[in-house]
Amino acid sequence: MNIVVFTKSTPDTAAKVEVDGGGKVTWGNAQLVLNPWDEYSVTESVLLKDAHKVNTTAFAIGDEIHNDALKQALAIGMDNAIRIWDAGMSGQDSLGFAKSAAAAVKKLGDVGLVIFGKEFVDVGTDAQVYQLARLLGCTAIGAVSKIVAVDFNAKTIKVERMVEEGKQTLTAPLPAVISVLKDINEPKSPSFIGIRKASKAVIPVWSSADLGLGEAASGAAAKVSTVAYRNLPVRAGQVEIIEGGSERERAEKLVNKLLEEKVI
Amino acid sequence: MSAVFVWIDQFKGKALNASWEALAVGRTVANAWGVPLTAVVFGQGIENVVTLSFHYGADKVVKCEDATLADYRLEPYAALLGKVVGDAKAVIGGGSTRGRELIAAVSADLNGALLSDVTELSADGGKLNATRPVFAGKVLSTVAPSGDGSVFITTRSRAFAPLTPDASRAGEVESVAPVLSEGQISTKIEGFEETKGTVNLSDAAIIISGGRGVGSPEGFAPVRELADVLGGAVGASRAAVDAGWIPYPHQVGQTGKVVSPNLYVAAGLSGSIQHQAGMRTSKVIVAINKDPDAPIFKLAQYGIVGDLFKELPAIAAVFREKLGK
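For the record, the sequence lines run as chains S and Z.
Oh and the first sequence: position 41 is 41 in the working numbering, straight run, nothing missing.
The working numbering runs 264 ahead of the 1-based position in the second sequence.
Mixed in with the good hints there might be a few duds.
[Stated by the list, open to error] Derived EDC-like pairs (lysine to aspartate or glutamate); straight-line CA-CA distance at most 16 Å: (1) S:K146 to Z:D335; (2) Z:K276 to S:E165; (3) S:K167 to Z:D335; (4) Z:K460 to S:E165; (5) S:K167 to Z:E384; (6) Z:K574 to S:E249; (7) Z:K554 to S:E243.
[What the hints assert, rightly or not] Cβ-Cβ distance ranges computed for the label pairs, FRET-style: (8) S:Q238 to Z:K276: 44 to 50 Å; (9) S:E64 to Z:K276: 46 to 52 Å; (10) Z:I453 to S:M1: 24 to 30 Å; (11) S:E64 to Z:G508: 37 to 43 Å; (12) Z:G298 to S:E243: 32 to 38 Å; (13) Z:D412 to S:G137: 45 to 51 Å; (14) Z:G411 to S:A209: 38 to 44 Å; (15) S:G137 to Z:I453: 18 to 24 Å; (16) S:E64 to Z:K460: 45 to 51 Å; (17) Z:D506 to S:I241: 26 to 32 Å; (18) Z:G508 to S:N153: 34 to 40 Å.
Hints are computed from structural coordinates only; laboratory data are not their basis.
Every residue, glycine too, gets a C-beta built ideally from N, C-alpha and C.
Looking at chain S on its own, in the form it has when it is part of the complex (with noise of 0.2 Å):
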């Protein structure tokens, strides 16, 4: 049985990201990390693998800077690390990667769970978490916050997940597609033995014609594209710092002003 993670480069968390002056994207020298949601991902995998017979692959679709990606959650602890791509797949959206995703699973074989984190914080989506799970026409169950109970032999899975009124209890059958929050385990580290091995690693990359896709992922056959790019609206003017003798004066200040800006 495998369970699987998809997982993405991301710039740095503390990265300057801006558009440009040829309207590209560029995050300067900053370093690329693993996208950190995923650090609940991968962690989640390990645990399992750790608790249960199975083995992981963490998957990446995307040029070759998803291999630092691939190569962090192979040093966390996953098994295997492959990358999906080719030229044709660039400029691909949420839907052609998720057909992506699912001849990849197909391809893997024996999968019993699929696990993402919350979102890729690049793209800004979640989309594909759902979009795999109806292609393979499996469960999905996102926002997930703890796995009560899975079984891979009775195939079922007891997770809490959390939507905007609180915690709901569900169970599903396996396979399933799942997204995990920051609440479900604390990220694991790198060890030793997990950073030699990652180091070593040749990261095999499958071509959409080795998933036998053609063009139904590429980029051409995409239903959204992107038209541009542009840096955020500069916020007006800087702070203006309230003054005063007292915190009952400063107070006063603040909330004449708020009350002006009719926010309350």
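Based on these hints, arrange chain Z on the given structure of chain S.
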């Protein structure tokens, strides 16, 4: 005639604000295309939601009242929504947890174009162009559907204003039957623990947040007090959550919630890049911090350099007097 459909997310017979925001976006698109706007409501005890859907802009409502749909589950909801919308030109949902997953799932079922987490949308000349934040909100992208197929849209919470409700509006209500029977639904709900208090951050117009400076679980008392006076929600930085002072559902930031209130008060909170990713689009930001060099002052419109344990109670007291509470 093909319509624009908006799925109305409701919980226990009460619609989420995000649904009325989505309905307003649906109205814009339907008007641009000259087609009717249909609201879709599933659940039990949804009469009031159906009525309000007209008030908030729908021309028609398709509803399904059934025990299998009493609590939201993706399987039966996606099967039914896919059938209801068929080859619709556009299907829109609000930016709730349920809306994001349902609309994405149905977009895959129907092989449509998905514009997710949209913060601006134009339908000028009938052509859709959407803005969506990328790279943790540091950059904006403009996206557009490429072909003529169905377009699926989810809106980001509070990015669009609902229409002013018009109680004189009404229209045709069509009842449909569910697609899946309980025996065909593999997901079962075993329990639900409702969150007490004012946690729903994504919908909140006012948020008071505490950071490392609150120092302890008890330190959130003045934060909560001001939130209570203003009818707002309580937020927190990752540092405060990781320290165990307040549960994770309160966390605002890159690995927490993304919020966009009218007023965001950050108390004892330095304003790390990871925190800013969750609150940068707030309309007015107030920073209260002992450290005048805290990065939050670069983002804030108003700042008080001081001790949150003195400043917050004073602000709460003044508001109480002014608002007569």
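Against the structure, the hints come out as follows:
1. S:K146 to Z:D335: Roughly 20 Å separates the two Cα atoms, so the pair is violated.
2. Z:K276 to S:E165: holds (10 Å)
3. S:K167 to Z:D335: holds (13 Å)
4. Z:K460 to S:E165: At roughly 9 Å apart (the allowed maximum being 16 Å), E165 of chain S and K460 of chain Z satisfy the hint.
5. S:K167 to Z:E384: violated (31 Å)
6. Z:K574 to S:E249: With a Cα-Cα distance of about 12 Å, the restraint between K574 of chain Z and E249 of chain S holds, given a limit of 16 Å.
7. Z:K554 to S:E243: holds (13 Å)
8. S:Q238 to Z:K276: 44 to 50 Å: holds (45 Å)
9. S:E64 to Z:K276: 46 to 52 Å: Distance hint for E64 of chain S, K276 of chain Z holds at roughly 49 Å.
10. Z:I453 to S:M1: 24 to 30 Å: About 26 Å separates the Cβ atoms of I453 of chain Z and M1 of chain S, which means 24 to 30 Å holds.
11. S:E64 to Z:G508: 37 to 43 Å: For G508 of chain Z against E64 of chain S, whose Cβ atoms are near 40 Å apart, the range 37 to 43 Å holds.
12. Z:G298 to S:E243: 32 to 38 Å: violated (56 Å)
13. Z:D412 to S:G137: 45 to 51 Å: violated (27 Å)
14. Z:G411 to S:A209: 38 to 44 Å: Given about 24 Å between the Cβ atoms, the range is violated.
15. S:G137 to Z:I453: 18 to 24 Å: holds (21 Å)
16. S:E64 to Z:K460: 45 to 51 Å: holds (49 Å)
17. Z:D506 to S:I241: 26 to 32 Å: holds (29 Å)
18. Z:G508 to S:N153: 34 to 40 Å: About 36 Å separates the Cβ atoms of G508 of chain Z and N153 of chain S, which means 34 to 40 Å holds.
The structure shown violates the earlier hints numbered 1, 5, 12, 13 and 14.
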